[in-house]
Amino acid sequence: MSAHLLEVRDLSVEFHTVHGQVKAVQSVSFHLDPGETLVILGESGSGKSVSASAVMNLIDMPPGEITSGEVLYRGKSLLDMTGEERRAINGAKIAMIFQDPLAHLNPVYSVGWQIIEMMTTHGMPSDQAKQRAIELLLRVGIPDPESRMRAYPHQFSGGQRQRLMIAMALALKPDILIADEPTTALDVTVQAQILALLKELQAETGMGLLLITHDLGVVAEVADNVVVMNAGEIVESGPAGEVYANPQHPYTKRLIASAPGRGEMAEPVKAPGEPLLRLEGLSKSFGKFEALKDASLTVMPGEIVAIVGESGSGKSTLAKTLLRLEEPTSGEAFYKGRDLFKMSQKELFGMRRDIQMVFQDPTQSLNPRMSVYDLISEAWVIHPEILPKPKWRERVAELLGLVGLSPDHARRYPHQFSGGQRQRIAIARVLALEPKLVVCDEAVSALDVSIQAQVIDLLDGLRRDFGLSYIFIAHDLPVVRDFADRVVVMQGGRIVEEGTVRQIFEAPRNDYTRALLAASLDPDPEVQAKRRAARLELEVLRP
Amino acid sequence: MTDTDQIPDKALEKEPNAFAQMMRMLWHDKVALVAVIFLIIVAFCAIFGPWLLDAAATKQNLRGRNSPPFDMAKGWLFVLGGDALGRPLFARIIVAASNTIMVATGAVLCSMVIGSTLGLIAGYTKTRASQIILRLADVIMSFPSLLLAVIVLYMLSPSVTNIIIVLAITRIPIYLRTTRAEVLEIRERMFVQAARVMGASDMRIIFRHILPVVFPTLLTIATLDFAFVMLAESALSFLGIGIQPPEITWGLMVSQGRPYLTNAWWLSFWPGLAIILTTLSLNLVSNWMRIALDPVQRWRLEIKGKKQ
Chain A
0 MSAHLLEVRD LSVEFHTVHG QVKAVQSVSF HLDPGETLVI LGESGSGKSV
50 SASAVMNLID MPPGEITSGE VLYRGKSLLD MTGEERRAIN GAKIAMIFQD
100 PLAHLNPVYS VGWQIIEMMT THGMPSDQAK QRAIELLLRV GIPDPESRMR
150 AYPHQFSGGQ RQRLMIAMAL ALKPDILIAD EPTTALDVTV QAQILALLKE
200 LQAETGMGLL LITHDLGVVA EVADNVVVMN AGEIVESGPA GEVYANPQHP
250 YTKRLIASAP GRGEMAEPVK APGEPLLRLE GLSKSFGKFE ALKDASLTVM
300 PGEIVAIVGE SGSGKSTLAK TLLRLEEPTS GEAFYKGRDL FKMSQKELFG
350 MRRDIQMVFQ DPTQSLNPRM SVYDLISEAW VIHPEILPKP KWRERVAELL
400 GLVGLSPDHA RRYPHQFSGG QRQRIAIARV LALEPKLVVC DEAVSALDVS
450 IQAQVIDLLD GLRRDFGLSY IFIAHDLPVV RDFADRVVVM QGGRIVEEGT
500 VRQIFEAPRN DYTRALLAAS LDPDPEVQAK RRAARLELEV LRP
Chain B
0 MTDTDQIPDK ALEKEPNAFA QMMRMLWHDK VALVAVIFLI IVAFCAIFGP
50 WLLDAAATKQ NLRGRNSPPF DMAKGWLFVL GGDALGRPLF ARIIVAASNT
100 IMVATGAVLC SMVIGSTLGL IAGYTKTRAS QIILRLADVI MSFPSLLLAV
150 IVLYMLSPSV TNIIIVLAIT RIPIYLRTTR AEVLEIRERM FVQAARVMGA
200 SDMRIIFRHI LPVVFPTLLT IATLDFAFVM LAESALSFLG IGIQPPEITW
250 GLMVSQGRPY LTNAWWLSFW PGLAIILTTL SLNLVSNWMR IALDPVQRWR
300 LEIKGKKQ
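Sequence lines, in order, name chains A and B.
Per numbering that gives the first Met the number 0, residue 0 is the first one in the first sequence, and the count goes up by one each step.
Per numbering that gives the first Met the number 0, residue 0 is the first one in the second sequence, and the count goes up by one each step.
Chain A with its partners taken away, still in its complex shape (with noise of 0.2 Å):
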């Protein structure tokens, strides 16, 4: 039998840690041919990065061991080699690239001399080197190449700085190209077009792509055959459209079935009387950049309203502004009919209770230093009269309670929980204000799909019991999909669309809305087929 371009065999990785092992990875067992593309599928925590660490010899040892396994590039033991034989091997034959590329480039150093030298380490004469490197960066479509060879990192932009790492990763011809959540941080459309471009050059030179992700639209979009791993071990494996639409390990059921985007859409809410919000051609300067444009927009009571928008869009600055955290340039915004703007800061005060914000990074939006009891009942020493002090430690258990966690959490401090047990910590405390409108800044964005299920089920039911209005803010078109009342797509700061949900989704008006939403990967690989049809007809549309 011939061997396998890469196998990994029973690979068992342990970390040594304070509180004992950890087992991160246990009798795990995949392999690559080339031109295939297998997808590692898994949650935060699953394993799937130590996998490929482990492939690439990434692990550092200690804390991590390799218990037992086996790890064979065409047949050869990658395990039980020297460090020489590695390196010739690293880079030239397996290369990888990140999830930020950013991080992974060097600042000092101009991008071309770090391709160049990427080459000439493995041996390549220099000039033979450049001229390679100018040709992968026309490849990889960066435009200009010979000039922009001599420009640094922070000179580029997310998408571009990424293409670069493909353009460093491929420019040894390797086999195989392993990439670690390589579009994760990255918008939408600009993700559309990485993973065509990763497909694209996989045809032309036939090497093996091994990605790792958390996005099933993702699998969807580009994977042959899929590995799904839940706590260290593979749960189900198969070729991507059968583990869709026929999954069979109970893990792989729940994780499809809290993906989003499939849910019923919600009815418009015909609200009578006075909107909660009235925003009125608010705009935001930063010097002559202009991050908002005339933006105005409406919240109903009890509605809930989600800004759409790739990042520079100025939805967050909407969001900031709205709040006076950042003073608007010019516009006017009535909350039940008075102007936020034109407040002392003594009404302001008062204001604040009303409208509160939920943060896209929980473990940054709370304070380590203060104890989950701290957190939530500052809300009541900044505003002492919404509760006597006495009943606060009631409260705060009752608090946790209706997020889903305990009241004996209220001791311990927030790096004590996880990702999503901190955002419904977060929850509790903007709950604690007995707010009116939530502004969510891309609140569930940084949770895993499962997690992002619960929390969103959260927000609902706080929105039935409490009569709560939510203003929406998020990249991610398919969980607006399911939560949202009414949508509004922006732009370049200006608000381009504006709709019902089921305008938006399915009659949308505007060429970005239709962009954004022919880009957005929805899970199944059948619908995703279709979209990316739809894809290539809308390139021609757009420059």
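Careful: at least some of the hints might be erroneous.
To be verified - Straight-line C-alpha distance at most 20 Å; calculated SDA-like pairs for lysine to any residue:
{"hint": "1", "chain 1": "A", "residue 1": "Lys341", "chain 2": "B", "residue 2": "Arg195"}
{"hint": "2", "chain 1": "B", "residue 1": "Lys125", "chain 2": "A", "residue 2": "Lys435"}
{"hint": "3", "chain 1": "B", "residue 1": "Lys125", "chain 2": "A", "residue 2": "Leu324"}
{"hint": "4", "chain 1": "A", "residue 1": "Lys129", "chain 2": "A", "residue 2": "Pro173"}
{"hint": "5", "chain 1": "A", "residue 1": "Lys345", "chain 2": "B", "residue 2": "Arg195"}
{"hint": "6", "chain 1": "B", "residue 1": "Lys125", "chain 2": "A", "residue 2": "Glu325"}
{"hint": "7", "chain 1": "A", "residue 1": "Lys435", "chain 2": "B", "residue 2": "Arg203"}
{"hint": "8", "chain 1": "A", "residue 1": "Lys388", "chain 2": "B", "residue 2": "Arg203"}
{"hint": "9", "chain 1": "B", "residue 1": "Lys125", "chain 2": "A", "residue 2": "Pro173"}
{"hint": "10", "chain 1": "B", "residue 1": "Lys125", "chain 2": "A", "residue 2": "His213"}
{"hint": "11", "chain 1": "B", "residue 1": "Lys125", "chain 2": "A", "residue 2": "Gln344"}
To be verified - One side of the interface only, derived from the structure: several residues of chain A facing chain B at Cβ under 7 Å:
{"hint": "12", "residue": "Leu322"}
{"hint": "13", "residue": "Phe348"}
{"hint": "14", "residue": "Arg351"}
{"hint": "15", "residue": "Met356"}
{"hint": "16", "residue": "Phe358"}
{"hint": "17", "residue": "Ser364"}
{"hint": "18", "residue": "Arg368"}
{"hint": "19", "residue": "Ala378"}
{"hint": "20", "residue": "Ile381"}
{"hint": "21", "residue": "Ile385"}
Since the hints were made in silico from the structure, they are not lab data.
Don't be surprised by glycine CBs; every beta carbon is placed ideally from N, CA and C.
Since the structure of chain A is already known, use the hints to place chain B on it.
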């Protein structure tokens, strides 16, 4: 009624718990424990030393000039030897602890409090005041600190208070710049924005959210500075504008012993050792405190306890 009764109870319950927890963490870190005990002894010497041993420390005994250490024939006070005028070194070190610790603590505390307050203002506000504060710090930093001390102390009389003031002024920019740099970064963190959205006042944000994060850094600088200030003070004494005999400090003792280094090393060695051990202990304690005060790191100390 029952509600209001419960609260003081709980507060009382919590207080000894926090203290007991700190003690337990200290117990688990034996090195820090030794350092704390040593510092308590130093503090005791500084407070009660002059009162107990002042007479013995100033009594000259020309027959005991430069008498070697570990010779018990002249009594236990001469266990560390005698100085150039035959005064017992052991007693002198204990008495000198008072002045040394007072100058060092005073200077470090003053510069830390003033420096970090100005740093908080400069970092948190974007007004002209912050620019003025920074330029002032630049002026102090660009001026040689020893020259400043010489000028000031030449004009004023070299007393303990004046030395504290001079040393404090020259060290202010260190705290100011560090605090400002940290505040600038922390101010933009999400949890500060979250507090602002909740309606927290500036005072609350500074004292509840920013200061606790900056504090460990300040503490570390302060302990390092402690040694620097002790040595600077001895340099001033050496130049004749610091503390003058018959008053004594450790730094002064080191410089007084310098001419005899070749034939009586112990004159400089023992006070030098006292300086080293004090700073070392302070460093160890500050290192322990940095971990103990940080909820994210605290497990390191708690885990250590389990293993032992």
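The hints, checked one at a time:
{"no.": "1", "hint": "A:Lys341 / B:Arg195", "result": "holds, 18 Å"}
{"no.": "2", "hint": "B:Lys125 / A:Lys435", "result": "violated, 32 Å"}
{"no.": "3", "hint": "B:Lys125 / A:Leu324", "result": "holds, 15 Å"}
{"no.": "4", "hint": "A:Lys129 / A:Pro173", "result": "holds, 18 Å"}
{"no.": "5", "hint": "A:Lys345 / B:Arg195", "result": "holds, 14 Å"}
{"no.": "6", "hint": "B:Lys125 / A:Glu325", "result": "holds, 14 Å"}
{"no.": "7", "hint": "A:Lys435 / B:Arg203", "result": "violated, 24 Å"}
{"no.": "8", "hint": "A:Lys388 / B:Arg203", "result": "holds, 18 Å"}
{"no.": "9", "hint": "B:Lys125 / A:Pro173", "result": "violated, 52 Å"}
{"no.": "10", "hint": "B:Lys125 / A:His213", "result": "violated, 42 Å"}
{"no.": "11", "hint": "B:Lys125 / A:Gln344", "result": "holds, 18 Å"}
{"no.": "12", "hint": "Leu322", "result": "holds, 5 Å"}
{"no.": "13", "hint": "Phe348", "result": "holds, 5 Å"}
{"no.": "14", "hint": "Arg351", "result": "holds, 3 Å"}
{"no.": "15", "hint": "Met356", "result": "holds, 5 Å"}
{"no.": "16", "hint": "Phe358", "result": "holds, 5 Å"}
{"no.": "17", "hint": "Ser364", "result": "holds, 4 Å"}
{"no.": "18", "hint": "Arg368", "result": "holds, 5 Å"}
{"no.": "19", "hint": "Ala378", "result": "holds, 6 Å"}
{"no.": "20", "hint": "Ile381", "result": "holds, 5 Å"}
{"no.": "21", "hint": "Ile385", "result": "violated, 11 Å"}
In summary, the structure is inconsistent with hints 2, 7, 9, 10 and 21 from the numbered list given earlier, while agreeing with the others.
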